[in-house]
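J.: Construct the complete structure from the given sequences, taking the supplied hints into account.
Number of protein chains: 2
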Amino acid sequence: MDERVVKANVAVEHDFRVSRLAAPLRHSVVDSIRSAIAVGRFKVGERLPERGLCEMTGVSRTLVREALRQLESEGLIHVLPHRGPVVAAVTPEQAEGIYQVRAQLEGLACELFIAKANDATRKALKEAFKQLKSAMSSNDPSIRVNAKNRFYQCLIEGAGNEALGQTLHLLNSRITVLRATSLQVPGRAKESIRELNDLMEALLAGDAAAARAAAVRHVAMAAEAAIDILRREHPADK
Amino acid sequence: MDERVVKANVAVEHDFRVSRLAAPLRHSVVDSIRSAIAVGRFKVGERLPERGLCEMTGVSRTLVREALRQLESEGLIHVLPHRGPVVAAVTPEQAEGIYQVRAQLEGLACELFIAKANDATRKALKEAFKQLKSAMSSNDPSIRVNAKNRFYQCLIEGAGNEALGQTLHLLNSRITVLRATSLQVPGRAKESIRELNDLMEALLAGDAAAARAAAVRHVAMAAEAAIDILRREHPADK
DNA sequence: TCCCATAGGATTGTATGATAGTATTATCGT
DNA sequence: ACGATAATACTATCATACAATCCTATGGGA
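Sequences listed follow chains D and F, in order. With my numbering, letter number 28 in the first sequence gets 28, and the count goes up by one each step, no holes. With my numbering, letter number 50 in the second sequence gets 50, and the count goes up by one each step, no holes.
Any given hint might turn out to be false.
Pairs involving identical chains hold if they fit within one copy or between any two copies, as the list cannot separate such chains.
Unchecked claim - Here are the simulated DMTMM-like cross-link-like pairs (lysine to aspartate or glutamate), alpha carbons at most 20 Å apart as the crow flies:
no.: 1; residue 1: Lys126; residue 2: Glu157
no.: 2; residue 1: Lys130; residue 2: Glu201
no.: 3; residue 1: Lys133; residue 2: Asp198
no.: 4; residue 1: Lys116; residue 2: Glu157
no.: 5; residue 1: Lys116; residue 2: Glu93
no.: 6; residue 1: Lys130; residue 2: Glu191
These aren't lab readings, by the way, just hints derived from the structure by calculation.
T.: If you want it as structure tokens, here you go:
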């Protein structure tokens with residue numbers, strides 16, 4: 001029963017099977033709300049009444065609520081009892097914590113990449129880095145962040161650790177806005193590229209210790225920029 | 001309006017305010033299903049029909065579905081389109097990945113603990129370690145795991161990094177069963193305590209590098225035991 | 001004028017019932 | 001024994017309803 005499939009796929013890289021096109025509507029709902037938050041359509045601390053989300057998304061309360069449950073456990077929103085969801089704030093302390101964790105995990109990603117990457121994943125990473133460099137000259141912050149995400153995705157891919165990928169994704173989703181704005185700090189983009197250059201060299205040279213160090217350093221610098229912004233924009237609210 | 005409260009609390013350590021007793025029913029539902037999985041009431045790969053869960057928990061489908069969304073994003077279950085949720089399997093490769101991440105994060109926790117812990121948190125950790133040692137002689141695996149969780153909780157508490165705590169919690173929830181069974185491997189409990197002893201010594205001596213190394217080593221050993229079990233129990237299904 | 005309390009509105013928390021769509025199983029004819 | 005079709009069992013989604021609770025506004029009293 002498998003023979004035919006094998007034959008059909010013999011000259012193919014990614015098989016053509018439609019990957020469960022039964023995309024449940026609720027996934028779109030999650031995406032919609034998530035990106036509304038990321039884009040700043042809702043501000044930090046703002047309430048998200050279910051009814052409003054129903055209108056915005058055009059689906060029933062059932063689906064909106066299910067989406068909220070997921071966003072809640074991603075940490076993007078907080079749900080206050082009998083008050084409903086609000087966009088989660090990120091305090092400077094929390095941001096620092098997140099960046100500390102990211103540093104460790106991206107360090108690990110580098111080590112694993114060196115140990116496990118093959119020609120394909122290595123090539124993909126180089127390509128992504130090239131595109132990242134050109135994206136950094138763009139003015140649109142979302143283009144920059146997207147390019148950077150793709151770069152990291154290649155890194156993770158090559159590292160071949162599923163949990164690592166998911167964890168980093170989760171952490172990043174909580175600081176999307178921060179990442180976009182911190183890349184707008186004058187000079188930060190170029191500096192960022194310089195740091196990643198070091199990273200790439202170490203990665204391709206197979207120097208695990210240097211790669212990890214470069215990753216940690218890069219995250220630390222990004223953290224500094226981001227936390228600066230945070231401190232400035234809400235010096236002592238609460 | 002606050003004065004009275006302040007007066008009332010002046011001689012109190014933990015204030016008595018009932019911390020939002022409005023615990024939504026749905027939280028209990030999540031806990032219920034989660035522990036049913038952890039306890040082995042449902043086996044890996046087994047389907048969890050909504051209706052059955054309604055009967056088990058005594059709540060409506062609405063709540064069950066919301067709970068499922070949360071468990072899904074915690075990675076405890078997979079939801080197949082039009083087939084519903086099944087208990088997520090953990091392959092040896094995934095387990096390896098999870099343990100690699102854990103190693104990094106627990107290493108970080110140690111470093112942060114040394115940098116940030118105060119007398120209270122240090123004392124709590126020592127106490128938790130003492131109880132852990134005695135719990136290890138118990139035959140009940142859940143008692144052992146619980147004691148260990150409390151120990152880690154103290155460590156995290158002292159490290160003062162929220163994201164770190166949440167991330168580790170998430171990872172651990174995916175391998176609860178594994179952790180319980182791997183502690184039953186003959187000799188593993190004692191060995192585990194020995195490793196943690198090293199960890200404690202380094203922590204209390206303030207030797208960050210040694211503490212991190214001990215943490216990494218401990219997780220690596222645990223990983224080995226756990227993955228062994230996994231390989232044995234599903235050598236090549238699929 | 002200012003404070004307090006009560007009433008009313010808004011929103012969440014939870015349940016129920018309904019319908020359509022899809023995957024799995026059972027059935028049946030050949 | 002095999003393939004097609006019918007029956008079944010779920011999920012996916014919606015609409016509706018009602019109690020509980022929070023917030024606000026209104027109005028009375030000092």
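J.: Please go over all the hints and tell whether each is borne out by the structure.
T.: Against the structure, the hints:
1. Proximity of Lys126 to Glu157 under the C-alpha cut-off of 20 Å is restricted to the intra-copy arrangement: shortest distance 13 Å within a copy versus 40 Å between copies.
2. For the identical chains of this complex, Lys130 and Glu201 are intra-copy neighbours only, at 13 Å inside a copy versus 47 Å across copies, given an alpha-carbon limit of 20 Å.
3. Taking identical chains as interchangeable, the C-alpha atoms of Lys133 and Asp198 lie at most 20 Å apart only when both belong to the same chain, with a minimum of 13 Å there against 46 Å between chains.
4. In this assembly of identical chains, Lys116 and Glu157 lie within 20 Å of each other by CA distance solely inside one copy; the values are 10 Å within and 34 Å between copies.
5. Proximity of Lys116 to Glu93 under the C-alpha cut-off of 20 Å is restricted to the inter-copy arrangement: shortest distance 13 Å between copies versus 34 Å within a copy.
6. For the homomeric pair Lys130 and Glu191, the shortest alpha-carbon distance inside one copy (16 Å) is at most 20 Å, but the shortest distance between copies (48 Å) is not.
The structure shown violates none of the earlier numbered hints.
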